[in-house]
Structures are given as structure tokens and as C-alpha cells.
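A.B. asks: When you get a sec, could you build the whole thing from the sequences and use the hints?
Number of protein chains: 2
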Amino acid sequence: MTGRRHSRAVFAGSLGIGGEHPVSVQTMTKTDTRDVEATVEQLLRLKARGADLVRLAVPDTEAADALASIRGRVDLPLAADIHFDHRLALRALEAGVDKLRLNPGNIGSHERVREVARAARDRRVPIRIGVNAGSLEKRLRRGGVTAAALVESALSQAEVLESVGFRDIVISVKAFEVPIMLEAYREVARLTDYPLHLGVTEAGSEAAGSVRSAVGIGALLAEGIGDTVRVSLSAPPEAEVRVGKQILACLGLCPPGPTVVACPTCGRCEFELEPVLRAVEERLAGVERPLRVAVMGCVVNGPGEALKADIALAGGGGVALIFRHGRPVRRLPLQGLVQAFLQELDDFLARA
Amino acid sequence: MTGRRHSRAVFAGSLGIGGEHPVSVQTMTKTDTRDVEATVEQLLRLKARGADLVRLAVPDTEAADALASIRGRVDLPLAADIHFDHRLALRALEAGVDKLRLNPGNIGSHERVREVARAARDRRVPIRIGVNAGSLEKRLRRGGVTAAALVESALSQAEVLESVGFRDIVISVKAFEVPIMLEAYREVARLTDYPLHLGVTEAGSEAAGSVRSAVGIGALLAEGIGDTVRVSLSAPPEAEVRVGKQILACLGLCPPGPTVVACPTCGRCEFELEPVLRAVEERLAGVERPLRVAVMGCVVNGPGEALKADIALAGGGGVALIFRHGRPVRRLPLQGLVQAFLQELDDFLARA
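Protein chains in written order, with my numbering: chain A, 755 to 1106; chain B, 755 to 1106.
Source of the hints: derived by calculation from the structure; they are not laboratory data. One or more of the hints may lead you astray.
Identical chains blur together in the list; that is why a pair holds if it fits in one copy or across any two.
[Claimed, not checked] List of simulated lysine to any residue pairs, SDA-like, C-alpha gap at most 25 Å:
hint : residue 1 : residue 2
1    : 801       : 1023
2    : 801       : 961
3    : 1062      : 919
4    : 892       : 1083
5    : 892       : 1064
6    : 892       : 902
7    : 801       : 873
8    : 1062      : 909
9    : 892       : 1023
10   : 1062      : 895
11   : 892       : 1078
12   : 892       : 910
13   : 892       : 838
14   : 892       : 1046
15   : 1062      : 896
16   : 1062      : 1029
17   : 801       : 916
18   : 892       : 865
19   : 892       : 804
20   : 801       : 1088
21   : 1062      : 900
C.D. replies: Here it is as C-alpha cells:
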């Protein structure tokens, strides 16, 4: 891992973004913001899943006004997503949101943006300049949507905010094409010290979009770039949070919770591994503490992984060996293995 | 994207690995290699899904001998996975495999490895030195499993092979921990010009393992490191191929085939996007040619993504707009949208 890029810190409510603050995980509600009940319910679920900040669409004044009731009912930093109409940003600020996202591609004149910046400054609310390849300013799209154009869009909007002394800025330069977003983020990371919000935009379905996001966001984080992330999936926002946290966890950027090492199985595998793995993952769904479980099919890597695991199972010579903290403690018959290993796991969790 | 690291090329049958050859996608059969029918069937399926090379477990002489029949029935580069017993490598060579994988952590004395190297040299078969954190040599494990220890294991085995003039070497230094594998691959990339096989070992279930693999493999590829990849999942090998190809495709390292851009949906979304997306992905499952489809919920990024797509759908003002090559061509009612858009897509595919 390359050392983390130095960035200034901003605060969205209680959440520090940039500086020494841990990289945070965002998502966005997929409810109609005007439906306060449904939105609050989704926000509470997302908080329980570990979202650090959640953004809400604000397509009209009714949605902007709903933010006040929502804000009062959920103890979680909230960001308002603003497009086209700067007055919605002003109303969202009045409603008490903790952060604004403005899209320089559609927010209009500099004077309007400055008006929002002054209001945000007075309330100490940061603004994300959220550039997106799909909605870049026309003048910047002429040579095709390039990384340079994304960076230019972000930096010229930053200048507008800076012109009224506003510096609580977060920047994102998202694209669907990973090479373009990598280049854009690397360049903006070099040119500014604003914290960066990472994302691959419109990444796609849960399966394909997770891989695309993990490649783009993961590569930047591994280079030390990035202060907050959002995985964009055409899937429930809980999936976005889960994948975002996984990306951070596997780079050692957030507490790992339970980790399950499992071999891919090959012609050496001595038992049906997938049912065991599925059962273990289900059992651990509610567990938050760090715990390393290894489920290994044979003796090639089994004992080595068992050494590093808190509890492990490895096939060997027609039975399954159970290890605790690297030491073999028991043999289990392959018959009824799923239930027997779950019992071992429960017992381990109860004692440890 | 950083420029690709220079590596020497080796050949596994017809497959070039390293040099200017495209990054290839590997997987491993999960059948019992001694079961020739089941193994051949799986290999043919994997070939159809686009696997460039497939590895087979060779736990005993019966499995090694089965390789000859399998080799005769499948036109796909095959690698034999050897542990513990160097005589299995010799038998696999006699059976006609295109590549060997030796694990320096368990393959035994230098003299045995040299014997394998001489036989492989005579048949022009490359050897992968497959180091794995779970099965590192004892002498290297003393200070814990570190990146430096993985690199040391690979390079000292390379010296053994080089001592008989063998240089058709591929190296892998896998670990479950992404920061460790990143560091190990970066270091080995710096110290040798052998082609590198990338992987995150025992990555886990399909969902979690895809993300972990995409982060580790993707970050290295984005730095220009890596000549062939294997995604290790506790899932069918078809999933490993799919995820491997996705990682390459989203970095522009292999022909993209169909790409579906889809917005994550938020409070702005004007229609039920997930059913449309699912239907589109299903319809495109058999399509191999490059094609960009965008499925977008609203007018924020919809028109911008539509501009870049071959065919697109975007919500707007209570209807769905269909675009072809960036131009709006039709409005569809939201009622019955899935079927109507599939018809548009079929029509597009038939004409284009």
C-alpha cells in the first residue's frame, strides 16, 4: 500500500472526510425523498449496515422540504443531491442537511453557485463538486469525455467556490470507464489538496458493478488516493454499503469484522465445501468483531491457512480437521459436517 | 493506466503469456481429475466461456495418467497443478500438459526440481512457480508470512530452475491479504522480467471473493503489472472466468463484449429499473460483439450516457426515451417497458 495522499479535512455533521479521518462509506437512498416514512426507514437500515453518510435525491422543492422531517428522525450525516436548480440547494441547507452535492455540469451560473457557497459557508456545510462523465458541461464535452475534461470541470467549479472564500470542498470525477476515472482522480489528486470522493458511475448490476467498482475504487485506494467512497449499483443501497465496506476491509482500511478464507476447491477437495461456506457466512452475518475463519478443502494450503485463522476446517485423509488458533483440536466425519462445524463455530464464539 | 511492465514471453501450448501477449484468464477445474468424462465436460464449458488456460489438480499418479486422455479430447492449453511429489510433474509432462505449476513450499529438494526442469525444458513446457501464503516453506514462515518471504520463496526457486538453464518461468506470489499480495507482486515485478500470474488466494465466496480479487488483481493491472490472472472463488469455475474477464474488460485489457451502463437509481428514478436491467443482461448473455447499452433512470445523466451508448433507455417526464447512437428515436410508455425495450434491443441487434 502506498502512503495516503495528504488532504485537508472537512466535516459533514460529525463525519470527518479527508485528513487523518478513516475512509468512509457512502450510499444513496433509492426511495422517493418526498416519501418521508419510506426514506427514514431506508436510512435507519443503512445506518445499521454501517453507512457513514447517505445522500438523498432532491428533484423538487417538496423533496427539499421533506429533508427537515427526515433530518430530525435519523442520526446519520445526510447529503442533498442537487441538479439543475440552485434554489433546491438553499432549501436543503435550511432543512439542515450536513453536506451538499452540486453537479457543475448542470447547476448554472457562477453567481448562483456563489450564492449557495455563501449559505453553505454560514452553516459550515461542505459541498461536494460531483463531476460525472454522463453530465459534463457542454463546453467540456467537445473533444469527447476525457479525464482532462472531468478535472477541468471540477477545478473551475472549485475556483467559483473559492472566490467567496469557500474551501470546505470535496471533489469527485466519476466515469463508467475505469481507465478514465483512474486518470482523472490521479490528476485531481496531484493538483489539489481537497478530499476526494471515489466512485465508478453507473457501474451496473450487483455482480458486474461490484467488480467494476472494486477495480476502480480499489486501485486508487491502493495508491493512497481517496477519502470517502460510494459504490453505485443498480441494486438495493445495502449492497452498495456492503461492497464499499468490503473494498475498504480487504485493503486494511477499516476494521475487518469476520473474514472467511475459503479455498476455491479443485480436484483435491475432500468434501462439499460450498454448503459449509454458505452456512458459515450466514452464521456470521450478525457478528461484528474481527474473526478469521478458514474453510479449506485439502492439505495443500489448509494447514497454512489454519495457522493464521481463529478457527479453521480443512479436509485431510477422509475426515475434516478442526483447528483453533492454528492447533488441530478435533476430527469430524464428513457426514453431517455442516451442522458439526456450525456447532464448533458457535462454541468458539461463545467462549472467545 | 500505467504502461505495462516489460516481461519476457513464454508459451503454454498456443497461449503466449507475457511480452506483448494480451493478459489471459485462467481457471481451474473443480472435478476429480481422475474422472475423465466430468473433467472434459467442464473443460469444454470453460473453453466456451472464454477461459484461455485451465489448470487441473494432480494429486496422484492416476490423475496424472488421466491427463493424457483429457489432453487428447480438449483443444485448450492445460496446466497441471503439482504439490508434494515431483514425479507427478514428470508424469504430467509425459501426458502432454502445456504448463506445470510447482509449489516451492512443498515440492522438495533442489535436485528433484532440477529433474522436472530438465524434462520441461526438453518438451518446451513452461513452469509456474506458484508461491502461496498458505503453503510457504517453513524456513520462510518464521517471521510471519510477509511479502518479502513470498518473494524470497519465488526467487530462490527461480534460481534452482535457472541453474539448469530453464527460463520459461511464470511467477505468482499469492496471499489472501491484498496489501501483502500487492507488495509481493510489486517487488517481484521490480526484481525479475518473468511474466506474472496474478491472484488473490482463497478469496472466498462468489460475492465477497469477486470484490477481493477485483481489488487485488485490478490494482496491479492498473499499475501495468500482470500477464495472466486467476480469480479464486469458492464457486463454479465459470464464475471465476466471468469475473476474470470482467476485471480485464473494465480496464480495457480485453475486448469488452457487451457493456451495460446502468444508473444506481435514486429518488429521481422514473421507472422500475432493475427488471429492465436484468432482462437486458439475460438477453445479452450470448452476445459477444462490443455493444454499449445504457439503462438510465432520469434526465440527470441519462442523455449524457445515451450519447455514448449504441442503444439507450432513459426515464424522462413520465415516459422512457429510447436512443440509438445518441439520438432519441422513440418514446415508450412505462407500462410494459421491459418487453418493449427488449424488442428495441433485438431490432437493434438484427440490423446492426
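A.B. asks: Give a verdict on every hint.
C.D. replies: The hints, checked one at a time:
Only between protomers do residue 801 and residue 1023 lie at most 25 Å apart by alpha-carbon distance; the minimum there is 22 Å, versus 39 Å within a single protomer. For a Cα distance limit of 25 Å, the shortest separation of residue 801 from residue 961 qualifies both inside one copy, at 23 Å, and across copies, at 22 Å. In this assembly of identical chains, residue 1062 and residue 919 lie within 25 Å of each other by CA distance neither inside one copy nor across copies; the values are 52 Å within and 37 Å between. With identical chains, the CA atoms of residue 892 and residue 1083 are at most 25 Å apart between copies only, with a shortest distance of 21 Å across copies and 67 Å within one.
In the homo-oligomer, the alpha carbons of residue 892 and residue 1064 lie at most 25 Å apart only across protomers (20 Å), although the nearest pairing inside one protomer, at 56 Å, exceeds that limit. With identical chains, the CA atoms of residue 892 and residue 902 are at most 25 Å apart within one copy only, with a shortest distance of 14 Å there and 50 Å across copies. In this assembly of identical chains, residue 801 and residue 873 lie within 25 Å of each other by CA distance neither inside one copy nor across copies; the values are 28 Å within and 60 Å between. In this assembly of identical chains, residue 1062 and residue 909 lie within 25 Å of each other by CA distance solely across copies; the values are 24 Å between and 46 Å within a copy.
In this assembly of identical chains, the alpha carbons of residue 892 and residue 1023 lie at most 25 Å apart only when taken from different copies (23 Å versus 57 Å within one copy). Within a single copy, residue 1062 and residue 895 get their C-alpha atoms only as close as 52 Å, which misses the 25 Å cut-off; across copies the closest is 11 Å, which meets it. Taking the closest pair of Cα atoms, residue 892 and residue 1078 come within 25 Å of each other only across two copies (20 Å); inside a single copy the shortest separation is 61 Å, beyond that limit. Taking the shortest alpha-carbon separations for residue 892 and residue 910, only the intra-copy value of 14 Å comes in at or below 25 Å, while the best inter-copy value is 57 Å.
For the identical chains of this complex, residue 892 and residue 838 are intra-copy neighbours only, at 14 Å inside a copy versus 63 Å across copies, given an alpha-carbon limit of 25 Å. Proximity of residue 892 and residue 1046 under a CA criterion of 25 Å is satisfied inter-copy only: 22 Å between copies versus 51 Å inside one chain copy. In this assembly of identical chains, residue 1062 and residue 896 lie within 25 Å of each other by CA distance solely across copies; the values are 13 Å between and 54 Å within a copy. For a Cα distance limit of 25 Å, the shortest separation of residue 1062 from residue 1029 inside one copy, 23 Å, qualifies, whereas the shortest one across copies, 43 Å, does not.
Taking the shortest alpha-carbon separations for residue 801 and residue 916, neither the intra-copy value of 33 Å nor the inter-copy value of 56 Å comes in at or below 25 Å. Taking the shortest alpha-carbon separations for residue 892 and residue 865, only the intra-copy value of 19 Å comes in at or below 25 Å, while the best inter-copy value is 68 Å. In this assembly of identical chains, the alpha carbons of residue 892 and residue 804 never lie at most 25 Å apart, being 38 Å within a copy and 40 Å across copies at closest. In this assembly of identical chains, residue 801 and residue 1088 lie within 25 Å of each other by CA distance neither inside one copy nor across copies; the values are 40 Å within and 33 Å between.
Taking identical chains as interchangeable, the C-alpha atoms of residue 1062 and residue 900 lie at most 25 Å apart only when they sit on different chains, with a minimum of 12 Å there against 45 Å within one chain.
Consistency note: the structure conflicts with the earlier hints numbered 3, 7, 17, 19, 20.
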